[in-house]
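Asks: Listed below, chain by chain, are the residues.
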Amino acid sequence: MIILIARRLILSLVTLFIISLIVYVGVEALPGDSATGYLGQWATPESLAALREEFGLNDPIHVRYINWLGDILRGDLGVSMVKRKPVAELIGNRFRNTVVLTITSALVGIPLAIILGVIAGLMRDKLPDVIISTTSIVAMTLPGFVTATVLIYIFAIRLEWFPAITLVPSDVSVIELLDTMLLPIITLTMIMVAHILRLVRTNMIDVMVSDYVQMARLKGVPARQIVFKHALPNAMLPTINIVALTLAWLVGGVAIIETVFNFPGIGKLLIDAITDRDFALVQGIAMILSGIYIALNLTADLLSLVLNPKLRTARGH
Amino acid sequence: MFTKKIHWLITILVVLTMILTACKGAAPEEPVAEEPPAEVEVVEEPPTEEEVVEEPPAETRGVLRYNTGIVYGGLENLNPVDPNRFWPPISLLFDRLATPADDEMRPTPSLAKSWESNATGEVWTFTLRDDVYFHDGTQLTSADVAYSVDHWLNAEASVIAGSFGVVESVDTPDDFTVVFNLTQPVVDFPLIVMDYRARVLKKGSFPDIMETGMGSGPFKLETLDVGGVTVLVANDDYWDGPPGVAVIEVFMIADNEAAIQATRAGQIDFSIDLIADHIPMFDDADDFVIDIIPTGNWSGFVMRTDIPPFDNLDLRQAMHLVVDRQEMLDLALAGLGEVSCDLGITPGDPYLIPECLYEQDFEAAAAKLADAGYADGFEIDLYTADVCSDWTALTEIFQQQAANAGIEVNIVNVSSDGFWAEAWMIQPFVMTCWNERTTDQFLNEIYRSGGSWNESFWNVPEFDALLDAARAEMDFEKRKEHYQAAQTMLHMDGGTIIPYYSGMVRAAKTCLGELPQIGLFFADWNHITKPADCE
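Each protein sequence line maps, in turn, to chains A and B. Counting from 1030, one number per residue, gives the positions in the first sequence under this note's numbering. Counting from 99, one number per residue, gives the positions in the second sequence under this note's numbering.
No wet-lab data here; the hints were simulated from the structure. Possibly wrong hints are sitting among the right ones.
Footprint (simulated), chain A over chain B, 3 or more residues, beta carbon under 8 Å [stated by the list, open to error]: (1) 325 to 338; (2) 353 to 361.
A few chain B residues that don't get close to chain A, going by computed Cβ distances all over 12 Å [stated by the list, open to error]: (3) Asp200; (4) Pro271; (5) Ala374; (6) Asp447; (7) Asp469; (8) Gly471; (9) Ala473; (10) Pro559; (11) Glu560; (12) Lys578; (13) Glu579; (14) Glu612.
As the structure is a prediction and not an experimental result, all values here were calculated from the model. The beta carbon of each residue, even a glycine, is placed where N, CA and C say it ideally should be.
Could you build all of it, start to finish, from the sequences and the hints given here?
Replies: Have a look at this one:
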């Protein structure tokens, strides 16, 4: 068991290293050079040379990569050339904001998805199932920015219940932030519910026709007890992975939603950084997001191991 | 047992609903709660009565909110002459010596109450107001102006160092008199002084003003947050009277669509970044008014006049002749703008030539092509990028129009961040875009021989001579003749095709007062009003 966990950990670190290589080379390979991009229409040969010198852009790429990796390992994400501030400082509050948005959406979305999934699974092919399944699929299929725009139109412009976009600086308190987050949370919930819901529903259906549930029924166990005590725990096990994936997707994938709602989060910062060719910032955010993705997946794997005896030996199933 | 649980659930739900309702109710109460203490104070403390009489009571003025896009990648700062200047707060914090009239590009008094020149236009004497105070309470004097001129000329990367290059020295014979000694006669020197970037700073206040924003303007800086919300409060001791709003909040909103949504939902009071497609969104919004405001901003096609193929005058003229300016305006901007005759001078400028001297003419263009040695047709690469919003439309329309005269245009898209460094002022035929300028600025900054932004490499001694003659000519009509002759040269023979000036589409709440029908570079912020109940 410990060997298994250690192997997973080492594999994760190797993955992270490979990602760092891809991120660095990929960002460097973008057309245009950050110095010309930054100085734009008013660049002069002298100012370009000075900027390249200041940020060490004249070194060969492998030298720069090794320097950058060394800095990252020491916890230093570098300095943004465009914004002239340490990357860590730029990311700071915005990362917190994205985490707040993600967690709040997950707290709303995941229980909702599970409850709806169980209901749909238990009432397979009946009217509630049809309504839940169809609605969730439609909500998932609509691109996030369309959902966001429709919600803004209905709730901000027509009904005037919520603010249309977030108009607060990135360093406000969490309480103030929550106040402006309602529409982004609803949008994210609409997108993520279907994935989890579909899986819970399918598992629920499978479990409900399984032998031990049949047996319990024959023994005269009350229906409620069958569902909550026997069926649900078994149906939930496979959803751990998809919940982890959803959380990871939320942290990294909310960029468009953040942009539409002007939400001061890390995704919006990433998009701005790419537009500005702000290499250090793009690389820093990409590494953080990859780290979270890997960490969440690792946690999900380990959780499954702990909860499912069948997976606990190193030899496999 | 089951019913008990349901009872619990219902109880929790009810409590939650009550909490939520309470939270919602709290928000509108806030302003109401703040108001009474203010009134009580006024009654209790007689010494403040004087102030109360002079100023409108604070609670009648509202908070003006508007947006700005990311123009310089979030690098914006408060140095008025910096290439990355953060324009919205700078225009509120600092004043200039002269400001444009409401309706035309004519200098009118601001910090300077009057000015005059000697007989030749080489020495200009400005008389300052004696009732202007900076935000820290010190009085504005000629020493501050001398310091500011030095800043305009010598600050690192100053964007107006060029136009103020004619200033040889500044004398301050007394506290309220400033004398500019110029290297050459410049009859329209007040126009140069009126430059929107030529802001007067307190002596010795740079670089501290990058943090404090301490100037003499109608608003004082409270918080500077370039990427978020910048807050300014009214300077009620302003020399031109207290401002019409109590607070201004400037929001930087990167995504333009988000900004328009926020405007439509009433979160911000006005936005100037609309395009024609946004106008229907406001059709059923009775509390908003849409204005189409002429500006002198422009996009255009630049031919390098110094290298083949466009060092050939006949070929350049053929390129000018294939253009239907009105069609370009209608298709690229849905007609929201004004036709230009290859000039980027703010409409309303007294020296601007009134109308174009030729129209689209394919036969004449074909004849010119033949004269140029391209009787069998001409093929050229046009370099563009996703830099200015109308370039894609413009390049495609030009491609269509030129094809009618046998000119084959290949559109070459380059990456937007590499465009200025790798295509502009390098390739023979590229797109460009500029903000509006006065006649003298436009002709000198973009077309004088050897200028660093002479993008068409226009190097014509007679043209430079016309500009010098205009600057030295004391008689308005004769000066106008010189400037118009120079403009006509560009229109007939020049390397730049400028089809139109783009209009600015603005959506604003109807309860705002005195929002002028001019570009925001020239707005008189002090007189814009917003009542507190305008939300």
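Asks: The structure should be examined with respect to each hint, and the outcome stated for every one.
Replies: Checked hints:
1. 325 to 338: Answer holds; 3 residues pass the 8 Å Cβ test.
2. 353 to 361: Since 6 is at least three, the answer is holds.
3. Asp200: Non-interface label stands for B:Asp200: nearest chain A Cβ at 31 Å, farther than 12 Å.
4. Pro271: holds (37 Å)
5. Ala374: Answer for B:Ala374: holds, closest chain A Cβ roughly 19 Å.
6. Asp447: Per Cβ check, B:Asp447 is outside 12 Å of chain A; nearest 24 Å; holds.
7. Asp469: holds (35 Å)
8. Gly471: With a cut-off of 12 Å, B:Gly471 remains clear of chain A, as the shortest Cβ separation is near 34 Å.
9. Ala473: B:Ala473 clear of chain A: closest Cβ-Cβ about 37 Å, beyond 12 Å.
10. Pro559: holds (26 Å)
11. Glu560: holds (29 Å)
12. Lys578: Holds, because the least Cβ-Cβ distance between B:Lys578 and chain A comes to about 31 Å, which exceeds 12 Å.
13. Glu579: The assertion about B:Glu579 holds, with a minimum of 33 Å to chain A.
14. Glu612: holds (24 Å)
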